[in-house]
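**Student:** These protein sequence lines are chains S and R, in that order. The first sequence finishes on residue 200 if you use the UniProt record's numbering, and the numbering steps up by one all the way, no holes. The second sequence finishes on residue 200 if you use the UniProt record's numbering, and the numbering steps up by one all the way, no holes.
I should point out that these hints are in silico values taken from the structure, not numbers from a laboratory. Certain hints may be false.
Stated by the list, open to error - Straight-line alpha carbon distances no greater than 30 Å define the calculated DSBU-like cross-link-like pairs of lysine-lysine that follow:
(1) S:Lys71 x S:Lys54
(2) S:Lys163 x R:Lys12
(3) R:Lys81 x S:Lys81
(4) R:Lys72 x R:Lys156
(5) S:Lys49 x S:Lys72
(6) S:Lys163 x R:Lys54
(7) S:Lys81 x R:Lys46
(8) S:Lys5 x S:Lys156
(9) R:Lys81 x S:Lys71
(10) S:Lys72 x R:Lys71
(11) S:Lys71 x R:Lys163
(12) S:Lys81 x R:Lys156
(13) R:Lys71 x S:Lys156
(14) R:Lys72 x S:Lys72
To be verified - Cβ-to-Cβ under 7 Å is the rule here; a few derived chain S residues that face chain R:
(15) Tyr57
(16) Tyr59
(17) Ala103
Said to hold, decoys possible - Estimated spans, in silico, between C-beta atoms of each pair:
(18) R:Lys5 x S:Lys163: 18 to 28 Å
(19) S:Gln132 x R:Glu3: 42 to 52 Å
(20) S:Leu153 x R:Tyr112: 16 to 26 Å
(21) S:Asp86 x R:Tyr112: 28 to 38 Å
(22) R:Lys12 x S:Ala138: 21 to 31 Å
(23) S:Met128 x R:Gln31: 21 to 31 Å
(24) S:Asp89 x R:Lys81: 33 to 43 Å
(25) R:Gln31 x S:Ile62: 44 to 54 Å
(26) R:Thr2 x S:Asp166: 45 to 55 Å
(27) R:Lys163 x S:Lys163: 20 to 30 Å
(28) R:Pro158 x S:Pro158: 28 to 38 Å
C-beta: ideal position from N, C-alpha, C; glycine also.
Protein chains: 2
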Amino acid sequence: MTEEKQLVVGHKNPDTDAVVAAISYSYLQNQTGMNTEAVAQGEPNKETKFVFNKFDYKYPRITTAVNGDAKKVMLVDHNEKQQSFDDIDNVEVTHVVDHHRIANFETALPLYYRAEPIGCTSTILWEMYNEQDVEIPAKIAGLMASAIISDTLLLKSPTSTSKDEDALKSLAKTAGIDYEAYGMEMLKAGTDLDDKSTQE
Amino acid sequence: MTEEKQLVVGHKNPDTDAVVAAISYSYLQNQTGMNTEAVAQGEPNKETKFVFNKFDYKYPRITTAVNGDAKKVMLVDHNEKQQSFDDIDNVEVTHVVDHHRIANFETALPLYYRAEPIGCTSTILWEMYNEQDVEIPAKIAGLMASAIISDTLLLKSPTSTSKDEDALKSLAKTAGIDYEAYGMEMLKAGTDLDDKSTQE
Ligand SMILES: [Mn+2]
Ligand SMILES: [Mn+2]
Ligand SMILES: [Mn+2]
Ligand SMILES: [Mn+2]
Numbered sequence: 001m002t003e004e005k006q007l008v009v010g011h012k013n014p015d016t017d018a019v020v021a022a023i024s025y026s027y028l029q030n031q032t033g034m035n036t037e038a039v040a041q042g043e044p045n046k047e048t049k050f051v052f053n054k055f056d057y058k059y060p061r062i063t064t065a066v067n068g069d070a071k072k073v074m075l076v077d078h079n080e081k082q083q084s085f086d087d088i089d090n091v092e093v094t095h096v097v098d099h100h101r102i103a104n105f106e107t108a109l110p111l112y113y114r115a116e117p118i119g120c121t122s123t124i125l126w127e128m129y130n131e132q133d134v135e136i137p138a139k140i141a142g143l144m145a146s147a148i149i150s151d152t153l154l155l156k157s158p159t160s161t162s163k164d165e166d167a168l169k170s171l172a173k174t175a176g177i178d179y180e181a182y183g184m185e186m187l188k189a190g191t192d193l194d195d196k197s198t199q200e
Numbered sequence: 001m002t003e004e005k006q007l008v009v010g011h012k013n014p015d016t017d018a019v020v021a022a023i024s025y026s027y028l029q030n031q032t033g034m035n036t037e038a039v040a041q042g043e044p045n046k047e048t049k050f051v052f053n054k055f056d057y058k059y060p061r062i063t064t065a066v067n068g069d070a071k072k073v074m075l076v077d078h079n080e081k082q083q084s085f086d087d088i089d090n091v092e093v094t095h096v097v098d099h100h101r102i103a104n105f106e107t108a109l110p111l112y113y114r115a116e117p118i119g120c121t122s123t124i125l126w127e128m129y130n131e132q133d134v135e136i137p138a139k140i141a142g143l144m145a146s147a148i149i150s151d152t153l154l155l156k157s158p159t160s161t162s163k164d165e166d167a168l169k170s171l172a173k174t175a176g177i178d179y180e181a182y183g184m185e186m187l188k189a190g191t192d193l194d195d196k197s198t199q200e
């Protein structure tokens, strides 16, 4: 019996965490027998483009609506309706993994919801991989480390916690990167004003 | 530094899971350095009274409002505002552990939220004890097993899952009970029509 396909998606105007969390949650779900596709609600920003180049990973299909592709979806890095698929009211949200407040969110049925008041959704996903004892591929670990660096400004933001630090150190090891040197380079790439071609 | 006291509470018109989940989550939180008090929003029903007698456990303080006793609260076995403290809007909800749909629930700040579409909140709490490697005292294990028996009608309700079964078997072992024999006795006590004194 094949599971019915579900989409996994982060918020509109995606940042690195929104896209990467969709990829890593989709991978985790598929490892445990689900049939999911990660999608992104927009083009990568300059930082996110740098990250996907660095780890040689394909950017997900871009769409801001389900368009009948699935009956059920999973949300990452957001829950508020206005940040989600245009046609979110036409589908069932079965899973949410997030680190934001809950608002403008309501379901008709019980669901899986996992939120923690910490620096990054990818930190929660790292925890879930550990809890479920699923190995994180090196490239996905590199993406997840990048998302934590992005959301916590290299562990310096006020929302950053010791759990984000543990996750970043563990993921950097799996990815084989020096997170401090790489983090500086990545944050610089995101704010680099020289490359006019990618500016809107 | 002492943590500021928080209340942990289940829904109004409490069933066994609502009261027991408040007790077991409060215990888990306190084991990890928090300062919480479990309270119940009403008198025990006949089944719940049987359970607390059986495991010789003190029923929590009864209150349907925070009444200035805490600035922050944790909700179990519910999230909808109308099932919660009368003055829930005056406090911050920092944690929710639940197995119901999400509705009429909104926060100003990020929070810890853990929900799964399974038979019982106490099953999720059993999972959290395991994840955090905290030992469950035998009496609390007995209460938690009772909550699962109550919510899943001894694993026979349509909402019951294999995780509820795993949890019940594990908790029954810790509590030192034969869950099938005890479960029949407990469900019978809850529906016993002989004891007129506890009927409204
Ligand atoms: Mn984001
Ligand atoms: Mn994020
Ligand atoms: Mn209940
Ligand atoms: Mn329940």
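**Student:** Would you mind marking each hint as holding or not holding in the structure?
**Tutor:** Going through the hints against the structure:
1. S:Lys71 x S:Lys54: It is violated: about 34 Å lies between the C-alpha atoms, which goes past 30 Å.
2. S:Lys163 x R:Lys12: Between S:Lys163 and R:Lys12 the Cα gap is close to 35 Å, so the pair fails against 30 Å, i.e. violated.
3. R:Lys81 x S:Lys81: Holds, at about 19 Å.
4. R:Lys72 x R:Lys156: Given that 30 Å is the threshold and the Cα spacing comes to 36 Å, the pair is violated.
5. S:Lys49 x S:Lys72: 28 Å, holds
6. S:Lys163 x R:Lys54: It is violated: about 40 Å lies between the C-alpha atoms, which goes past 30 Å.
7. S:Lys81 x R:Lys46: This hinted pair is violated, its Cα atoms lying about 42 Å apart.
8. S:Lys5 x S:Lys156: Answer violated: S:Lys5 to S:Lys156 is near 38 Å, above 30 Å.
9. R:Lys81 x S:Lys71: Holds - the C-alpha atoms of S:Lys71 and R:Lys81 are around 29 Å apart, at most 30 Å.
10. S:Lys72 x R:Lys71: 37 Å, violated
11. S:Lys71 x R:Lys163: Holds: S:Lys71 and R:Lys163 sit about 25 Å apart, inside 30 Å.
12. S:Lys81 x R:Lys156: It is violated: about 36 Å lies between the C-alpha atoms, which goes past 30 Å.
13. R:Lys71 x S:Lys156: Holds. R:Lys71 to S:Lys156 sits at ~28 Å (cutoff 30 Å).
14. R:Lys72 x S:Lys72: Violated, at roughly 34 Å.
15. Tyr57: Given a least distance of 28 Å, the restraint on S:Tyr57 is violated.
16. Tyr59: 28 Å, violated
17. Ala103: 5 Å, holds
18. R:Lys5 x S:Lys163: 18 to 28 Å: 24 Å, holds
19. S:Gln132 x R:Glu3: 42 to 52 Å: For S:Gln132 and R:Glu3 the Cβ distance comes to about 30 Å; the hint is violated.
20. S:Leu153 x R:Tyr112: 16 to 26 Å: 23 Å, holds
21. S:Asp86 x R:Tyr112: 28 to 38 Å: 30 Å, holds
22. R:Lys12 x S:Ala138: 21 to 31 Å: 50 Å, violated
23. S:Met128 x R:Gln31: 21 to 31 Å: Holds, at about 22 Å.
24. S:Asp89 x R:Lys81: 33 to 43 Å: 22 Å, violated
25. R:Gln31 x S:Ile62: 44 to 54 Å: 46 Å, holds
26. R:Thr2 x S:Asp166: 45 to 55 Å: Check failed, 26 Å falls outside 45 to 55 Å.
27. R:Lys163 x S:Lys163: 20 to 30 Å: 24 Å, holds
28. R:Pro158 x S:Pro158: 28 to 38 Å: For R:Pro158 and S:Pro158 the Cβ distance comes to about 45 Å; the hint is violated.
Against the hints set out earlier in the document, violations occur for numbers 1, 2, 4, 6, 7, 8, 10, 12, 14, 15, 16, 19, 22, 24, 26, 28.
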